[in-house]
Amino acid sequence: MVQGKYELDLISLANGLLSCADLENLLVGIRLNAVTIMSIHSTLSDLKDIRQGKCIHGYVFRRGFGSNTEIANQIIYMYAKCGFVHCASRIFKNIKLKDLVSWTSMMMGYLHQGHADEAITLFRLMQRENLSPDSVTLICLLQAFAQLGCLNLAKEVHCHVQRVSLDIGIPVINFLITA
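Residue numbers are given in UniProt numbering: position 101 of the sequence shown equals residue 101, and the series is strictly consecutive.
Hints in this document: simulated from the structure, not taken from any laboratory.
Accuracy of the hints is not assured; some may be wrong.
As the list claims (entries may be wrong) - When the alpha-carbon atoms are kept at most 30 angstroms apart in a straight line, the in silico DSSO-like pairs for lysine-lysine are as follows:
#	residue 1	residue 2
1	96	54
2	96	48
3	98	48
4	48	93
5	98	54
6	96	155
To be verified - Estimated spans, in silico, between C-beta atoms of each pair:
#	residue 1	residue 2	range
7	58	96	15 to 23 angstroms
8	70	159	29 to 37 angstroms
9	70	130	18 to 26 angstroms
10	127	42	22 to 30 angstroms
11	32	90	17 to 25 angstroms
12	153	129	43 to 51 angstroms
Idealized CB from N, CA, C, for every residue including glycine.
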C-alpha cells in the first residue's frame, strides 16, 4: 500500500509542475538519492512526460549522478518509452560501465520504436563485450526477430539456448510458443 501511495504522490507531483524552474524550486535544499530519482523517472516514463523527464535528467547531471549506471539506465528507458530513442541512444553511448540492464534497456527502446535491426546490432555488440544475456535480453532479441519476420532466427536462438544449457525461464518459453 505504501508503494501505491508513493506512486500516486509522484504522479500528483509530476502533474503539478509547470516547468523545470518549478521542479528546481521544489527541490531547493533537498538532496534526492539514487532510488528516489529512479522512482521519479519511472513514474514520468509511465506518464510519458518527457518535459519533466528532461528536467529530472538535468537535475541528475547537475547533482553529480551522471556516472550512476542505474540512473542512466532509467533515463534511457524514459527517453525510449517517450519516443525519443535518439536521446536514449546518446545516454547509452555515454555510459562508461554498461551493465546488462543498460544493453537490454536500449534494445527495448529500439524495439518500442520499431527499430528491430538496431536492437539486433546492439545485441551483437553486447556479445562482443562478453556479457551473457538473461531471459529479458533473449526476449528482446526474439521480439526483434519477430518484428522482422525472421522466425528461423528465433528458432536458432532457441537451439543455442538449449545447446549451452541456459536457464531461460517461462517467459522465453511462452514467447517461443506464441511466436
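So, going through the hints one by one against the coordinates:
1. 96 x 54: Between residue 96 and residue 54 the Cα gap is close to 21 angstroms, so the pair holds against 30 angstroms.
2. 96 x 48: The given pair, whose Cα atoms are some 27 angstroms apart, holds under the 30 angstroms limit.
3. 98 x 48: holds (24 angstroms)
4. 48 x 93: Holds, because 22 angstroms separates the two Cα atoms, which is no more than 30 angstroms.
5. 98 x 54: holds (21 angstroms)
6. 96 x 155: violated (34 angstroms)
7. 58 x 96: 15 to 23 angstroms: holds (20 angstroms)
8. 70 x 159: 29 to 37 angstroms: holds (34 angstroms)
9. 70 x 130: 18 to 26 angstroms: holds (21 angstroms)
10. 127 x 42: 22 to 30 angstroms: holds (28 angstroms)
11. 32 x 90: 17 to 25 angstroms: holds (23 angstroms)
12. 153 x 129: 43 to 51 angstroms: With Cβ atoms ~21 angstroms apart, the hint is violated.
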